[in-house]
Amino acid sequence: MKTADRTPNERIVESIAILTRQVANELGGFGSYVDPAARSSGDIRGGLITVFRELLKLRRKLIRMRKPYVGGQASRVALSSGSGDRKIQIGGGGQTLEGWLNVDLPPADLSVNVLWGLPIRGGSARVVFCSHMLEHLDYPDDGLAFLREVRRVLRPGGVLRLVVPDIHEYLSAYARRDRAFFRARRKTWPDSERCETMLIETLLYAGAASQPNDFFGHKFGYDFETLKLLLRKAGFRRIERSAYMKSRHPDLHVDSASPYARAAFRGTHYSLFVDAVR
Numbered sequence: 001m002k003t004a005d006r007t008p009n010e011r012i013v014e015s016i017a018i019l020t021r022q023v024a025n026e027l028g029g030f031g032s033y034v035d036p037a038a039r040s041s042g043d044i045r046g047g048l049i050t051v052f053r054e055l056l057k058l059r060r061k062l063i064r065m066r067k068p069y070v071g072g073q074a075s076r077v078a079l080s081s082g083s084g085d086r087k088i089q090i091g092g093g094g095q096t097l098e099g100w101l102n103v104d105l106p107p108a109d110l111s112v113n114v115l116w117g118l119p120i121r122g123g124s125a126r127v128v129f130c131s132h133m134l135e136h137l138d139y140p141d142d143g144l145a146f147l148r149e150v151r152r153v154l155r156p157g158g159v160l161r162l163v164v165p166d167i168h169e170y171l172s173a174y175a176r177r178d179r180a181f182f183r184a185r186r187k188t189w190p191d192s193e194r195c196e197t198m199l200i201e202t203l204l205y206a207g208a209a210s211q212p213n214d215f216f217g218h219k220f221g222y223d224f225e226t227l228k229l230l231l232r233k234a235g236f237r238r239i240e241r242s243a244y245m246k247s248r249h250p251d252l253h254v255d256s257a258s259p260y261a262r263a264a265f266r267g268t269h270y271s272l273f274v275d276a277v278r
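Per my numbering, residue 1 is the first one in the sequence shown, and the count goes up by one each step.
Because the hints were derived from the structure by calculation, they are not lab data. Just so we're clear, the structure is a prediction, and the values are computed from it rather than from any experiment. Check the hints yourself; a few may be wrong.
Each computed SDA-like pair below joins lysine to any residue, with the alpha-carbon atoms no more than 20 Å apart [unchecked claim]: (1) Lys-87 / Pro-156; (2) Lys-233 / Asp-142; (3) Lys-57 / Glu-10; (4) Lys-67 / Val-77; (5) Lys-187 / His-269; (6) Lys-87 / Arg-248; (7) Lys-219 / Pro-68; (8) Lys-228 / Asp-141; (9) Lys-228 / Tyr-244; (10) Lys-187 / Gly-217; (11) Lys-87 / Leu-62; (12) Lys-61 / Val-77; (13) Lys-61 / Trp-116; (14) Lys-246 / Lys-219; (15) Lys-57 / Pro-68; (16) Lys-57 / Pro-107; (17) Lys-67 / Pro-107; (18) Lys-219 / Tyr-244; (19) Lys-219 / Pro-119; (20) Lys-228 / Arg-183; (21) Lys-233 / Pro-156; (22) Lys-57 / Tyr-69; (23) Lys-67 / Leu-115; (24) Lys-87 / Arg-151; (25) Lys-187 / Ala-206; (26) Lys-57 / Ala-17; (27) Lys-87 / Glu-98; (28) Lys-61 / Arg-121; (29) Lys-233 / Gly-99.
My request is simple: use the sequences and hints to build the entire structure.
Laid out in structure tokens, this is it:
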């Protein structure tokens with residue numbers, strides 16, 4: 001999300017996140033000098049508690065707002081219905097699929113933050129397609145909670161098609177000093193233009209350089225072994241590495257809808273493609 005696209009409220013929250021880290025750094029530097037029992041601490045603890053309570057109050061208010069917000073969309077997309085035949089795309093980033101329920105941040109058929117849970121009846125979907133979204137969730141807690149929700153929404157035998165950046169490919173290219181790989185990657189990942197070295201680009205893409213105010217950037221990088229482990233923990237029973245447009249399930253021949261899934265270098269895609277069966 002570009003800075004120009006952010007609302008005034010989102011800019012305030014970003015400033016709070018930055019300021020919170022700055023305060024934490026200040027406190028760390030002072031150590032016990034500002035402990036509650038120390039006279040030098042003044043009213044610092046009281047101020048921290050006041051800020052904490054106000055933020056907690058604000059969060060509770062926002063949580064209460066979820067129900068009418070989601071409920072206002074429910075009748076339009078029939079969230080509580082479905083015969084187990086629904087097809088759902090999550091996190092398409094504006095690349096919608098015809099005949100699918102497209103779930104994303106606004107605007108979308110169903111506009112929600114997936115960290116709220118999916119307001120969709122359990123067992124109502126036969127397939128879910130999710131491309132280049134999981135890496136934007138914190139590992140492991142948020143990623144695991146999301147995958148468990150996807151599994152709940154799928155009917156028995158339903159399939160999740162999961163596409164994420166293949167960090168193994170990035171690390172391999174870095175280890176062999178393959179500058180051509182990184183030059184080509186910049187055509188589909190404009191943010192890499194601000195990366196001065198291959199290591200900076202690799203770590204940024206894996207989420208290692210995430211800033212406190214970067215709520216929607218990359219948070220983690222996956223290889224197949226790590227992604228399979230997370231899917232197992234979420235309860236998926238059959239997990240298979242796939243390839244671009246090569247799913248065993250015809251409904252999931254949709255990778256081409258995602259520009260990030262399409263991106264390739266010398267015939268090798270930058271993405272990791274996985275099918276997981278409920």
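Hints, one by one, checked against the model:
1. Of the supplied pair hints, the one linking Lys-87 and Pro-156 holds, its CA atoms being roughly 14 Å apart against a limit of 20 Å.
2. Pair hint Lys-233 plus Asp-142 holds up; C-alpha atoms about 13 Å apart against a cutoff of 20 Å.
3. For a cut-off of 20 Å, the pair hint linking Lys-57 to Glu-10 stands: about 17 Å separates their Cα positions.
4. For the given pair, Lys-67 sits about 15 Å from Val-77 by alpha-carbon distance, which is consistent with the 20 Å threshold.
5. Pair hint Lys-187 plus His-269 holds up; C-alpha atoms about 13 Å apart against a cutoff of 20 Å.
6. Between Lys-87 and Arg-248, the direct Cα distance comes to roughly 16 Å. Compliance with the 20 Å bound is thereby established for this hinted pair.
7. Between Lys-219 and Pro-68 the CA atoms are separated by roughly 30 Å; this puts the pair beyond 20 Å, and the hint is violated.
8. Among the hinted pairs, Lys-228 with Asp-141 is consistent with the structure: their alpha-carbon atoms are about 15 Å apart, no more than 20 Å.
9. For the proposed pair Lys-228 and Tyr-244, the alpha carbon gap of about 18 Å is at most 20 Å, so the pair holds.
10. Only pairs whose Cα atoms come within 20 Å are accepted, and Lys-187 paired with Gly-217 is accepted, the gap being roughly 18 Å.
11. Proximity of Lys-87 to Leu-62 is assessed by CA-CA distance (about 29 Å); at most 20 Å being required, the pair is judged violated.
12. At roughly 25 Å between alpha-carbon atoms, Lys-61 and Val-77 are farther apart than 20 Å, so this suggested pair is violated.
13. A distance of roughly 14 Å separates the Cα atoms of Lys-61 and Trp-116; the hinted pair therefore holds under the 20 Å criterion.
14. Proposed proximity of Lys-246 and Lys-219 is contradicted: the alpha carbons are some 27 Å apart, above 20 Å.
15. For a cut-off of 20 Å, the pair hint linking Lys-57 to Pro-68 stands: about 18 Å separates their Cα positions.
16. Using a Cα cut-off of 20 Å, the hinted pair Lys-57 and Pro-107 is violated, with the two alpha carbons roughly 27 Å apart.
17. Taken as a hint, the Lys-67 and Pro-107 pair is honoured in the structure, with Cα atoms around 18 Å apart against an allowance of 20 Å.
18. Taking the CA atoms of Lys-219 and Tyr-244, the gap is about 23 Å. The hint is violated against a cut of 20 Å.
19. With a C-alpha separation of about 24 Å, the suggested pairing of Lys-219 with Pro-119 is violated against the 20 Å cut-off.
20. The suggested pairing of Lys-228 with Arg-183 is violated, with an alpha-carbon distance near 30 Å, which exceeds 20 Å.
21. Our distance criterion of 20 Å between C-alpha atoms is met by Lys-233 and Pro-156, whose separation comes to about 17 Å.
22. For the proposed pair Lys-57 and Tyr-69, the alpha carbon gap of about 19 Å is at most 20 Å, so the pair holds.
23. Our distance criterion of 20 Å between C-alpha atoms is met by Lys-67 and Leu-115, whose separation comes to about 14 Å.
24. Restraint check for Lys-87 and Arg-151: the C-alpha separation of about 13 Å stays at or below 20 Å, so the hint holds.
25. At most 20 Å may separate the alpha-carbon atoms for a hinted pair to count; Lys-187 and Ala-206 meet this at roughly 18 Å.
26. A distance of roughly 17 Å separates the Cα atoms of Lys-57 and Ala-17; the hinted pair therefore holds under the 20 Å criterion.
27. Of the pairs offered as hints, the one joining Lys-87 and Glu-98 holds, with about 10 Å between alpha carbons and a cut-off of 20 Å not exceeded.
28. A hinted pair counts as satisfied when its Cα atoms are at most 20 Å apart, and Lys-61 with Arg-121 does not qualify at roughly 25 Å.
29. Of the supplied pair hints, the one linking Lys-233 and Gly-99 is violated, its CA atoms being roughly 31 Å apart against a limit of 20 Å.
Checked against the numbered hints listed earlier, the structure breaks hints 7, 11, 12, 14, 16, 18, 19, 20, 28 and 29; every other hint is satisfied.
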